[in-house]
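> Chains as they are written, first to last, in our numbering: chain A, 1 to 364; chain B, 1 to 133; chain C, 1 to 215.
Keep in mind the hints are simulated off the structure, nothing from the lab.
This one's a predicted model, so the numbers in the text were calculated from it and none came from an experiment.
Any given hint could be a false lead.
Straight-line alpha carbon distances no greater than 25 Å define the calculated DSS-like cross-link-like pairs of lysine-lysine that follow [claimed, not checked]:
no.: 1; chain 1: A; residue 1: K257; chain 2: A; residue 2: K279
no.: 2; chain 1: A; residue 1: K279; chain 2: B; residue 2: K53
no.: 3; chain 1: C; residue 1: K140; chain 2: C; residue 2: K190
no.: 4; chain 1: B; residue 1: K37; chain 2: B; residue 2: K112
no.: 5; chain 1: A; residue 1: K187; chain 2: A; residue 2: K128
no.: 6; chain 1: A; residue 1: K46; chain 2: A; residue 2: K116
no.: 7; chain 1: C; residue 1: K190; chain 2: C; residue 2: K66
no.: 8; chain 1: B; residue 1: K96; chain 2: A; residue 2: K279
no.: 9; chain 1: C; residue 1: K69; chain 2: C; residue 2: K140
no.: 10; chain 1: A; residue 1: K46; chain 2: B; residue 2: K112
no.: 11; chain 1: A; residue 1: K46; chain 2: B; residue 2: K37
no.: 12; chain 1: A; residue 1: K224; chain 2: A; residue 2: K257
Cβ-Cβ distance ranges computed for the label pairs, FRET-style [what the hints assert, rightly or not]:
no.: 13; chain 1: B; residue 1: L97; chain 2: A; residue 2: S324; range: 52 to 58 Å
no.: 14; chain 1: A; residue 1: L217; chain 2: C; residue 2: G165; range: 20 to 26 Å
no.: 15; chain 1: A; residue 1: G283; chain 2: B; residue 2: Q54; range: 32 to 38 Å
Computed footprint of chain A on chain B, listed as stretches where at least three residues anywhere in the stretch have a Cβ under 8 Å from a Cβ of chain A [to be verified]:
no.: 16; segment: 21 to 34
no.: 17; segment: 40 to 53
no.: 18; segment: 88 to 102
no.: 19; segment: 110 to 118
Beta carbons: idealized from backbone N, C-alpha and C, even for Gly.
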Amino acid sequence: MTKNNNLLAGELERLGISRRTFLKFCTSIGSVMALSPAQAAVMAEKLVTVKRQSVIWLSFQECTGCTESITRSHKPSLESLIFDFVSLDYHHTLQAASGHAAEQAREQAMHDNKGKYILIVDGSIPIKDDGVYSTIAGMTNLDMLQQVAKDAAAIVAVGSCATFGGLPKAAPNPTGAVSVADIIHDKPIINIPGCPPIPVVMTGVLAHVLTFGIPELDGMGRPKAFYGDSIHDRCYRRPYYDRGQFAKSFDDEGARKGWCLYELGCKGPVTHNACATIKWNNGTSFPIESGHGCIGCSEPDFWDAGGFYKALSTGTSNPGQWASAALAAGAAAGLASAYLNKSSKADAEKEHQPVTIEDMGGKS
Amino acid sequence: MKPIDLPVEVAQPSTGMAQAVLHELAGHLQQLIEAAKTEVIDITSLPMSSSDKQQLETLLGKGEVDITLNTIGESRIFETAYSGIWWIRHYTAEHKLISELIEICAVPQIIKTHPADMQQALARLQSLTNTEQ
Amino acid sequence: MNEIELLNWARGPGLAYATAIMFFGLTLRVIEILSLGRPEELAEVRDSGVRDGWMMILKRSLPEVKHWKYITASYIFHIGLLVVIFFFIPHTHLFRDVFGIFWGGWPNYIIDFFTVLSIAAMLYTLVARFYDPSRRILSKMSDYLAWLVTFLPLVTGYMAFHRLGFDYTTMLAVHILSVELLMIAIPVSKLTHVVTFTMARWYTGSNQGRRGVRS
Numbered sequence: 001m002t003k004n005n006n007l008l009a010g011e012l013e014r015l016g017i018s019r020r021t022f023l024k025f026c027t028s029i030g031s032v033m034a035l036s037p038a039q040a041a042v043m044a045e046k047l048v049t050v051k052r053q054s055v056i057w058l059s060f061q062e063c064t065g066c067t068e069s070i071t072r073s074h075k076p077s078l079e080s081l082i083f084d085f086v087s088l089d090y091h092h093t094l095q096a097a098s099g100h101a102a103e104q105a106r107e108q109a110m111h112d113n114k115g116k117y118i119l120i121v122d123g124s125i126p127i128k129d130d131g132v133y134s135t136i137a138g139m140t141n142l143d144m145l146q147q148v149a150k151d152a153a154a155i156v157a158v159g160s161c162a163t164f165g166g167l168p169k170a171a172p173n174p175t176g177a178v179s180v181a182d183i184i185h186d187k188p189i190i191n192i193p194g195c196p197p198i199p200v201v202m203t204g205v206l207a208h209v210l211t212f213g214i215p216e217l218d219g220m221g222r223p224k225a226f227y228g229d230s231i232h233d234r235c236y237r238r239p240y241y242d243r244g245q246f247a248k249s250f251d252d253e254g255a256r257k258g259w260c261l262y263e264l265g266c267k268g269p270v271t272h273n274a275c276a277t278i279k280w281n282n283g284t285s286f287p288i289e290s291g292h293g294c295i296g297c298s299e300p301d302f303w304d305a306g307g308f309y310k311a312l313s314t315g316t317s318n319p320g321q322w323a324s325a326a327l328a329a330g331a332a333a334g335l336a337s338a339y340l341n342k343s344s345k346a347d348a349e350k351e352h353q354p355v356t357i358e359d360m361g362g363k364s
Numbered sequence: 001m002k003p004i005d006l007p008v009e010v011a012q013p014s015t016g017m018a019q020a021v022l023h024e025l026a027g028h029l030q031q032l033i034e035a036a037k038t039e040v041i042d043i044t045s046l047p048m049s050s051s052d053k054q055q056l057e058t059l060l061g062k063g064e065v066d067i068t069l070n071t072i073g074e075s076r077i078f079e080t081a082y083s084g085i086w087w088i089r090h091y092t093a094e095h096k097l098i099s100e101l102i103e104i105c106a107v108p109q110i111i112k113t114h115p116a117d118m119q120q121a122l123a124r125l126q127s128l129t130n131t132e133q
Numbered sequence: 001m002n003e004i005e006l007l008n009w010a011r012g013p014g015l016a017y018a019t020a021i022m023f024f025g026l027t028l029r030v031i032e033i034l035s036l037g038r039p040e041e042l043a044e045v046r047d048s049g050v051r052d053g054w055m056m057i058l059k060r061s062l063p064e065v066k067h068w069k070y071i072t073a074s075y076i077f078h079i080g081l082l083v084v085i086f087f088f089i090p091h092t093h094l095f096r097d098v099f100g101i102f103w104g105g106w107p108n109y110i111i112d113f114f115t116v117l118s119i120a121a122m123l124y125t126l127v128a129r130f131y132d133p134s135r136r137i138l139s140k141m142s143d144y145l146a147w148l149v150t151f152l153p154l155v156t157g158y159m160a161f162h163r164l165g166f167d168y169t170t171m172l173a174v175h176i177l178s179v180e181l182l183m184i185a186i187p188v189s190k191l192t193h194v195v196t197f198t199m200a201r202w203y204t205g206s207n208q209g210r211r212g213v214r215s
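Bound-form chain A, shown alone:
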């Protein structure tokens, strides 16, 4: 292989990934991101000729589901190919066996690629009590994030924990968990929420960042290509919603016919993600297709949104209890008011002076 076809193309050859496989990869990624086939071809050209992008992956207060979602190492997929186009200089879960050497590698990579590396974060950052609730190699997550973000070119927050706080932030949030965007304000941040995010979404966004730069983002920093539509907008059960045909309980007649799951708590109407089109497990299915309502895992505070099995139209704060309490309070206030009224009425009667005809100027 020619030496000047530098690092990345050489890597492809070394890993046994053929040019055609790679072209296929770019075509499918481009299609999923609504890029034209011409742009996909450009992506293919660029990905091969760039120097491998330095990437530092920091895992904070997380369950490792996001890493798992994208690195199914026992089953190489087209999605995990993206890792062959980046130089993953630090990932403490994958490098756990290396101990201090891993930390040194991180510092070296930060130094060598100052201002140019991409920082990927998964997991929320606890800030209560100076951030002691999550530390790596003796350093709090808060400090590590601020230190590494300082010289990063851009930050990609992966998973609902890093983008919005996720599960650790759910009431009562004992560790003071916050998102990346709550801490870093001076770097471009791309949010890829989901619990976990769909693998090809993570790959697609990374591929886009490497070749075309930061994709178009919505108001919450999510790439519009994947998060522009809600699940409801693209759900195949939409005709049932429009006609008002709902499943009333799991496994009832409506459920067996595949009717809309609104009454069983589906949060599809207010959840933005690509599950209805791209689906999960290489396009096998997604929760609604399997008969379970969407839990809204790519939206902020979905753990506190009132319960996965309560319809979107219900309240989340137990309004029934408030109503009874208010009724009782109102009754008490009413009785108090009644007592006051009665006593002022009694006072008025006591002071009442009957009027005689003489008082009115007449003659008896």
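Could you slot chains B and C onto chain A? The hints should help.
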């Protein structure tokens, strides 16, 4: 135990998209003949119902050439009954369709062997003949 | 605050506070009304007034020929509003949450029909109120505000379901907030009539039944 069969059938009417695509293909084929300009249409991203796609495939038919690409997951490529119009399907290792394209060209781009690959093959071939000596 | 946080607030603390204010206010007012009672009857009563009370509820519910258009529009609006509130399927879940009882909803196309009808009827009554000289003189700002807080939930609900206006999350939040505004406005305005209208008619009728000379 087999999972419960939940047949979900949402009626997918024919929308006339197939005809629209045929018009587009005719235009591109003309460009190919007159200006040697190739073009690719991404079918996965077109708003076509499954019956539209069926209709289009039936209309275009199958030609003489049928190619299987053995990459990570296979790809099936065939020339339609209309020369110069090729139908490409890319699958994952689990045989899930990940992208579907129609390419208007003499030979699809992904089939053509890249010069760099040829260079590499020559190097390997030469080393093989060298070691034999 | 982004749109999902607004929605979560509306479904959470917003709904809690609005429910509390509405139930507290209505209970307080009803007990006040009942406990205040009526002034001492100094003349001899013609009749106990009980039958006349019930009759008045019926009489005032019947249309009066002179104002038949306005009354018809008002009936259409009231019936439509009640149908939409209590029989739209997502609303039935809210009521099960609050009251613990559940009843079946009606098909969406029926609810849609009644929503449009109610909106049209409300617009008619607004115009009729404004352009009739005597109604115009009698109307105060509180009347128009009461109309507005009742109109907003109908319109925003329709817009949310049909995906008009803002994105759905925001539209849903706006709809729920408009309902909460209505709930807060009920105990402090003439909208208290939702619970007191029968009481008021009964009172008027029974008063009239007690007055006058026994023939």
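> Given the hinted pair K224 (chain A) and K257 (chain A), is their Cα-Cα distance within 25 Å?
violated, 33 Å
> For the range 20 to 26 Å, tell me whether the beta carbons of L217 (chain A) and G165 (chain C) fit it or not.
holds, 23 Å
> Check, residue by residue, whether the segment 88 to 102 of chain B contains three or more positions whose beta-carbon lies closer than 8 Å to a beta-carbon of chain A, and give the verdict.
holds (count 9)
> Is it true that the C-beta distance of L97 (chain B) to S324 (chain A) lies inside 52 to 58 Å, as the hint says?
Distance hint for L97 (chain B), S324 (chain A) holds at roughly 56 Å.
> Tell me if the straight-line CA distance from K190 (chain C) to K66 (chain C) falls inside 25 Å.
This hinted pair holds, its Cα atoms lying about 24 Å apart.
> What's the verdict on K46 (chain A) and K37 (chain B), does the C-alpha distance respect the 25 Å limit or exceed it?
Holds. K46 (chain A) to K37 (chain B) sits at ~22 Å (cutoff 25 Å).
> Between K46 (chain A) and K112 (chain B), is the straight-line Cα distance small enough, at 25 Å or below?
Given that 25 Å is the threshold and the Cα spacing comes to 19 Å, the pair holds.
> Between K37 (chain B) and K112 (chain B), does the CA-CA distance stay at or below 25 Å?
holds, 16 Å
> Has the hinted range 32 to 38 Å been met by the Cβ atoms of G283 (chain A) and Q54 (chain B)?
violated, 19 Å
> Using C-beta distances, would you say chain A covers the segment 21 to 34 of chain B, given that this needs three or more residues below 8 Å?
Our answer is that it is violated, as 0 residues pass the Cβ test (under 8 Å) against chain A, missing three.
> Regarding the pair K96 (chain B) and K279 (chain A), is the alpha-carbon distance no greater than 25 Å?
holds, 12 Å
> Check the hint pairing K69 (chain C) with K140 (chain C) against an upper bound of 25 Å on the C-alpha distance.
Holds, at roughly 22 Å.
Comparing the model with each earlier hint shows violations of hints 12, 15 and 16; every other hint is respected.
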